[in-house]
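Start from the sequences, fold in the hints, and give me the full structure.
Heads up: the sequence lines are chains A and B, in that order.
Last residue of the first sequence: number 357 in my numbering, and the count goes up by one each step with no gaps.
Last residue of the second sequence: number 357 in my numbering, and the count goes up by one each step with no gaps.
Worth flagging that the hints you see were computed from the coordinates, not collected in a lab.
Check each hint, because a few of them may be wrong.
As the list makes no split between identical chains, a pair holds if one copy fits it or if it spans any two.
Derived lysine to aspartate or glutamate pairs resembling DMTMM-like cross-links, with alpha carbons at most 20 Å apart [as the list claims (entries may be wrong)]:
{"hint": "1", "residue 1": "Lys2", "residue 2": "Glu267"}
{"hint": "2", "residue 1": "Lys2", "residue 2": "Asp211"}
{"hint": "3", "residue 1": "Lys2", "residue 2": "Asp206"}
{"hint": "4", "residue 1": "Lys308", "residue 2": "Glu234"}
{"hint": "5", "residue 1": "Lys2", "residue 2": "Glu237"}
{"hint": "6", "residue 1": "Lys2", "residue 2": "Glu234"}
{"hint": "7", "residue 1": "Lys172", "residue 2": "Glu9"}
{"hint": "8", "residue 1": "Lys43", "residue 2": "Asp206"}
{"hint": "9", "residue 1": "Lys2", "residue 2": "Asp233"}
These numbers come from a predicted model, not from an experiment.
Read off the chains here:
Protein chains: 2
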Amino acid sequence: MKKLINSSENVVCEAIAGMATAHPHLLRAHLDPNYLWRIDAPKPGRVALVSGGGSGHEPMHGGFVGPGMLSAACPGEIFTSPTPDQIFEATRAVSSEAGALHIVKNYAGDVMNFEMAGDLARMAGIRTLNVVIDDDVAVKDSLYTQGRRGMGTTIFAEKICGAGAARGYDLKRLADLCRRVNSNGRSAGLALTSCVTPAKGTPTFDLGPEDVEMGIGIHGEPGRRRVPFAPADELVEMLALSIIEDPPYSRRLREWDERLDTWTDVEITNAVFAAGDRVIAMVNGMGGTPIIELYIVYRQFAMLCERKGLSIARCLVGTYITSLEMQGVSITLLRADDEMLELWDAPVCTPALRWGM
Amino acid sequence: MKKLINSSENVVCEAIAGMATAHPHLLRAHLDPNYLWRIDAPKPGRVALVSGGGSGHEPMHGGFVGPGMLSAACPGEIFTSPTPDQIFEATRAVSSEAGALHIVKNYAGDVMNFEMAGDLARMAGIRTLNVVIDDDVAVKDSLYTQGRRGMGTTIFAEKICGAGAARGYDLKRLADLCRRVNSNGRSAGLALTSCVTPAKGTPTFDLGPEDVEMGIGIHGEPGRRRVPFAPADELVEMLALSIIEDPPYSRRLREWDERLDTWTDVEITNAVFAAGDRVIAMVNGMGGTPIIELYIVYRQFAMLCERKGLSIARCLVGTYITSLEMQGVSITLLRADDEMLELWDAPVCTPALRWGM
Numbered sequence: 001m002k003k004l005i006n007s008s009e010n011v012v013c014e015a016i017a018g019m020a021t022a023h024p025h026l027l028r029a030h031l032d033p034n035y036l037w038r039i040d041a042p043k044p045g046r047v048a049l050v051s052g053g054g055s056g057h058e059p060m061h062g063g064f065v066g067p068g069m070l071s072a073a074c075p076g077e078i079f080t081s082p083t084p085d086q087i088f089e090a091t092r093a094v095s096s097e098a099g100a101l102h103i104v105k106n107y108a109g110d111v112m113n114f115e116m117a118g119d120l121a122r123m124a125g126i127r128t129l130n131v132v133i134d135d136d137v138a139v140k141d142s143l144y145t146q147g148r149r150g151m152g153t154t155i156f157a158e159k160i161c162g163a164g165a166a167r168g169y170d171l172k173r174l175a176d177l178c179r180r181v182n183s184n185g186r187s188a189g190l191a192l193t194s195c196v197t198p199a200k201g202t203p204t205f206d207l208g209p210e211d212v213e214m215g216i217g218i219h220g221e222p223g224r225r226r227v228p229f230a231p232a233d234e235l236v237e238m239l240a241l242s243i244i245e246d247p248p249y250s251r252r253l254r255e256w257d258e259r260l261d262t263w264t265d266v267e268i269t270n271a272v273f274a275a276g277d278r279v280i281a282m283v284n285g286m287g288g289t290p291i292i293e294l295y296i297v298y299r300q301f302a303m304l305c306e307r308k309g310l311s312i313a314r315c316l317v318g319t320y321i322t323s324l325e326m327q328g329v330s331i332t333l334l335r336a337d338d339e340m341l342e343l344w345d346a347p348v349c350t351p352a353l354r355w356g357m
Numbered sequence: 001m002k003k004l005i006n007s008s009e010n011v012v013c014e015a016i017a018g019m020a021t022a023h024p025h026l027l028r029a030h031l032d033p034n035y036l037w038r039i040d041a042p043k044p045g046r047v048a049l050v051s052g053g054g055s056g057h058e059p060m061h062g063g064f065v066g067p068g069m070l071s072a073a074c075p076g077e078i079f080t081s082p083t084p085d086q087i088f089e090a091t092r093a094v095s096s097e098a099g100a101l102h103i104v105k106n107y108a109g110d111v112m113n114f115e116m117a118g119d120l121a122r123m124a125g126i127r128t129l130n131v132v133i134d135d136d137v138a139v140k141d142s143l144y145t146q147g148r149r150g151m152g153t154t155i156f157a158e159k160i161c162g163a164g165a166a167r168g169y170d171l172k173r174l175a176d177l178c179r180r181v182n183s184n185g186r187s188a189g190l191a192l193t194s195c196v197t198p199a200k201g202t203p204t205f206d207l208g209p210e211d212v213e214m215g216i217g218i219h220g221e222p223g224r225r226r227v228p229f230a231p232a233d234e235l236v237e238m239l240a241l242s243i244i245e246d247p248p249y250s251r252r253l254r255e256w257d258e259r260l261d262t263w264t265d266v267e268i269t270n271a272v273f274a275a276g277d278r279v280i281a282m283v284n285g286m287g288g289t290p291i292i293e294l295y296i297v298y299r300q301f302a303m304l305c306e307r308k309g310l311s312i313a314r315c316l317v318g319t320y321i322t323s324l325e326m327q328g329v330s331i332t333l334l335r336a337d338d339e340m341l342e343l344w345d346a347p348v349c350t351p352a353l354r355w356g357m
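Here it is in structure tokens:
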């Protein structure tokens, strides 16, 4: 294993120290517990947006801290959930009286620890709501997850809700918006190679020289099936149709009910795409994929969307949610309404996503 | 070899078609000959900025086409220079009466073909000047190069001169600015792994499991030496000191002399860094390097600059000039004066570099 690190124990703290050094006008790093937070937080009258999850998926989430997006990000160790106290400390550091929205990818550890952090925050008098992102169509129930996993829609939710928070949306309205983004987003990914975590030092999973893992999870969890390696257009068609033709999906979810002051189970049915929909599209490299390949993927993805009558209103092509140096790609579609598009276009200034500022 | 491509022959044309589909408000793709050009070019009274080089280094150069940066980019096949007629056609498509500046990385094929393209352009009545970037301190004379190779300073030159062009600098002033940026920029890179070109299908060079190639070229050309794998801080120190302590460097260069109407040899001596200098710093992933590692590298690089009395005024940390999926990193420093910093901060809107718009 050759990695540009000093020791596997210090990867996360050295990287977030490096981020704070590189972007001193945007964010600061707090060490032990580890979190990155905006230099201008908390902002009176504005809901704080806090996300987090295992490290190794950069630029998510630390790369999205800044005006117009996240207030704080809590990086766990590589592929390991952040702890409840870590999330709570970050939440307390950035929250005003308007409270905090937690955006949580659906992995068992993340969901549990963000719930506990929400409890800690409420005990400290900070209003918080958690919204879980579960947009990956690949599998229902997985190695680390009940229900679908959280993937690329997380980026869309953080951008759109970040703009809503900057405009002064209250906590309830922001949580509703975040749920709506999640309900209208779908992702799927594939891997050509495994990644290697610094602690383990060997590939996370085995994949033959002619095999592709369709529906890969962002920690290398198994997907739907292995298929023989094929031209990009064929692989992208499999991925794209799996999200465009995804049937309605119902899920049970624990949500904090402010009225009852308790966690309650709610049933949510997610919508699907239809001809005439406007969408925001993302082609995302998994960390080790050359950019030239991402545009070959986008070309085919855009053609398939057009063939299905979907109109791509905005797009991202790049590296946004990764698995260390894994070679592969994920694609995401969000059915976007006017409000989402307007919030998408609002200015944002973070290390990894920036426009209008 | 597993790559997200359809055939090795169509990689470049499909990728630039994908770029034009993804960024229709910024650029168009011309196929056969291949180039990407701004939708609003030519701009009357403004010098056009044209660059190019082999593909496989994305986002350079196509990712830097747009307001505030390049007018056009000419991608050759993977690791292959663009042809003279290709560069000429792109230049003609984007040039107004103010002429065109060609920014050329110092590789023998690029230099020769841009010179021939300059001749073709002048025969067609288009004023052009070529500036060669040769900032890589690793080796003098290399596999494909006489003198030093062109590397990360290319990005700085394209951004800063792009802002100058947008402000109406004339051709002579812009070429002088570009030369000044080149004279004040230094880069060095290292590789942990080789890349694989689609046409060859096997690694470009062999590198043992415990070896690091210090001073790697962006096509996998040999560097200064192989060193045993070591902690990131040690490797970064070797790289950083090689550029910070680089002695003055003289080179002979062919430049178009408008007065004599001919190519003439000129002698240029490049400057070096000293305590008290303000610099723009870049940590650049070679394509397959996880972002978390780039920030570990930046942390150490920034500490070394501080120790040497260099003040980092601006920085970039990300993936800007790559060798397909190669794992490794390059670092670049530019000694920046007030004019360069002001032009650096000017708005830019391209697929890969964007702020203020």
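Practice task
Check each numbered hint from earlier against the structure, then list the numbers of those it violates in ascending order.
Solution key: Checked against the structure, the hints that fail are numbers 1, 7 and 8, while the rest are satisfied.
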